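Listed below, chain by chain, are the residues.
2 protein chains.
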Amino acid sequence: MLPPLRAIPTFSDADYRAALARWETRTKPSGSLGRLESLAAQLAGIQACPLPDAREKRVLIFAADHGVAWAHPEISAYPATVTGQMLQNFKSGGAAVCVLAGQTGATLAVADVGVGERNATRDFSREVAMSDEDLMHAWAAGTDAAASLLPADVLALGEMGIGNTASASALLCLLTGASADETVGRGTGVDDTGLRAKRDLVAEAIALHAPNVTDTWGALRAVGGKEIVALCAAMIGAAHERCAVVVDGFIVTVAALAAVRLAPGLKPYLIFAHRGAEHAHERALSALDAIPLLELGLRLGEGSGAVLALPLIEASARLLGEMAGFADAGVDTGRESRVH
Amino acid sequence: MLPPLRAIPTFSDADYRAALARWETRTKPSGSLGRLESLAAQLAGIQACPLPDAREKRVLIFAADHGVAWAHPEISAYPATVTGQMLQNFKSGGAAVCVLAGQTGATLAVADVGVGERNATRDFSREVAMSDEDLMHAWAAGTDAAASLLPADVLALGEMGIGNTASASALLCLLTGASADETVGRGTGVDDTGLRAKRDLVAEAIALHAPNVTDTWGALRAVGGKEIVALCAAMIGAAHERCAVVVDGFIVTVAALAAVRLAPGLKPYLIFAHRGAEHAHERALSALDAIPLLELGLRLGEGSGAVLALPLIEASARLLGEMAGFADAGVDTGRESRVH
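First to last, the protein sequences are chains L and D. Quick note on numbering: the first sequence equals residues 23 to 362 in our numbering. Quick note on numbering: the second sequence equals residues 23 to 362 in our numbering.
Treat each hint with caution, since some may be false.
Any copy will do: because identical chains look the same in the list, a pair fits if it lies in one copy or spans two.
What the hints assert, rightly or not - With a straight-line Cα cutoff of 16 Å, these simulated EDC-like cross-link-like pairs (lysine to aspartate or glutamate) come out:
id, residue 1, residue 2
1, Lys289, Asp35
2, Lys113, Glu344
3, Lys289, Glu263
4, Lys113, Asp350
5, Lys289, Asp311
Source of the hints: derived by calculation from the structure; they are not laboratory data. Keep in mind it's a predicted model, so treat the numbers as computed, not measured.
Just chain L, with the same shape it has in the complex (with noise of 0.2 Å):
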């Protein structure tokens, strides 16, 4: 029994190279406008439209419990307890992303996907995290989530859930072959003796479940945070209604990773927001051939970074849409074109 997978429509090349086509006409030198010429082609292509908007933003992140975090409170600086705690501060406003999703006027929701002890995945450590109820639950809530933000331009995803970079990082070793070495970090900000205690659990739980695993579902159940579960589904969610999907840091990269896995057509619909400071965090984004928007040493989590870069993903829209075009505005252009 697994969780349905919506139907992704194609990404528009036609209406991605329209885009660029314009880039040449308006006021500007070719391509002087960079990484954001690519960017506005990149939305047209999603929402298979020539002048693509970015003005409807949606921001929707989902918390989650771990049992490996209850369990084994060391390997993380926070205690579990801070899950429940900052969803109370998401609802009141005072968390780091309720005051960006109001500078940059983008609604924000927060799904309750998994929260508290008695709601919180199993310690993957020692058995498998979720069952396949758990799967199919956490999978529905993320699908719910987004469509309930839908339609929309583009949406951005965060998570919030003590114990979460563990893993996420299992998770990256599960479906990328690496060590736990080469994906276990900080995270929030753990000491040395927590970083040895995080790898050795992490290093435990790919050797118990390694052998077990044969696909993506199987790692998500394994290793997976119902928060992880649940951003793979919106992800998919979101490409099903052409909602762009803007990706925060390591661990909604590793769940893009995951995403992508399950249907590689989602692949052209996400953007990249950040690179972390979680060093993990970009073997995350090579797995998916990644180049992020910002670089900004962020280690936050709750889609602070995607939110960061939804000003410029707008701006790439705005300007190809209304900046004016040579003829128009009685601009010379180049060099090149006055031979002719």
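Please arrange chain D on chain L, whose structure you already have, making use of the hints.
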């Protein structure tokens, strides 16, 4: 006869430190907002206020023509007439920076400090670009234009002037001792033939002027553009009123280098927006020990990169001011604190 330098108030180390201390009490792991944390602290030091603001944003573009481009059109991908045409495009709202300023809620102003063949500088490859009077005039125009936009929290600076990457390259040579090979690039996208001509012309100019240039004023007079002189004046004028200055691409960065040589106290007032595609930009940034916020392959000028960085700058101040504290939000602090 030299332009008067407005006094720059001392950067407040106490407020810088107070801002850093406040970050430690906000609901996030220590240091997890990366560059945004030092950025907000920099604003605190600039404004001499522990809770800085960055909502009042201004964009100021200086436009001027260069005799070197009128005399040697082969050194630019665009004819010199484009400076005046783009001035109109700024006024009618069709240029990239207009779209970006509108999106971010920043007031945009454009100052003509020498547009048109009659008002252009002289050909710096043959003679000194500016008279003492020209220099004084451009400086006063820069000071006045900045003053007319203040008070404000943040001033983003840009430029327009066909030929001004050649001027900035020559100025960078005179200020740092670099060769024309090291400082000349393709600007708005000149072809190989044009690039060789541009390098040769800058090399000739350096051979002509270097023996006579004894200080920064002399370098500005010899090869500077009027918009570059106005940029220097505007930076110092903004710092005089404790307004942060956002530095755009190659030309504005070289202007910043000249302005810091004239007034070393300006340095902490500068925020570097982006690393552009012009290869010598990195050289100019290094001379200022500057690490910019963005790297998007931009090479448009007109302040576009500086305006793209404004949402990040505003975010840093909003986060510091608006995020909840651990105690108020009822969120447990990290392990280090809990063991007490």
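For each hint, the structure was consulted:
no. : hint            : verdict
1   : Lys289 x Asp35  : within (14 Å within a copy, 47 Å between copies)
2   : Lys113 x Glu344 : between (36 Å within a copy, 14 Å between copies)
3   : Lys289 x Glu263 : within (14 Å within a copy, 48 Å between copies)
4   : Lys113 x Asp350 : between (48 Å within a copy, 14 Å between copies)
5   : Lys289 x Asp311 : within (10 Å within a copy, 38 Å between copies)
Checked against the numbered hints listed earlier, the structure breaks none of them; every hint is satisfied.
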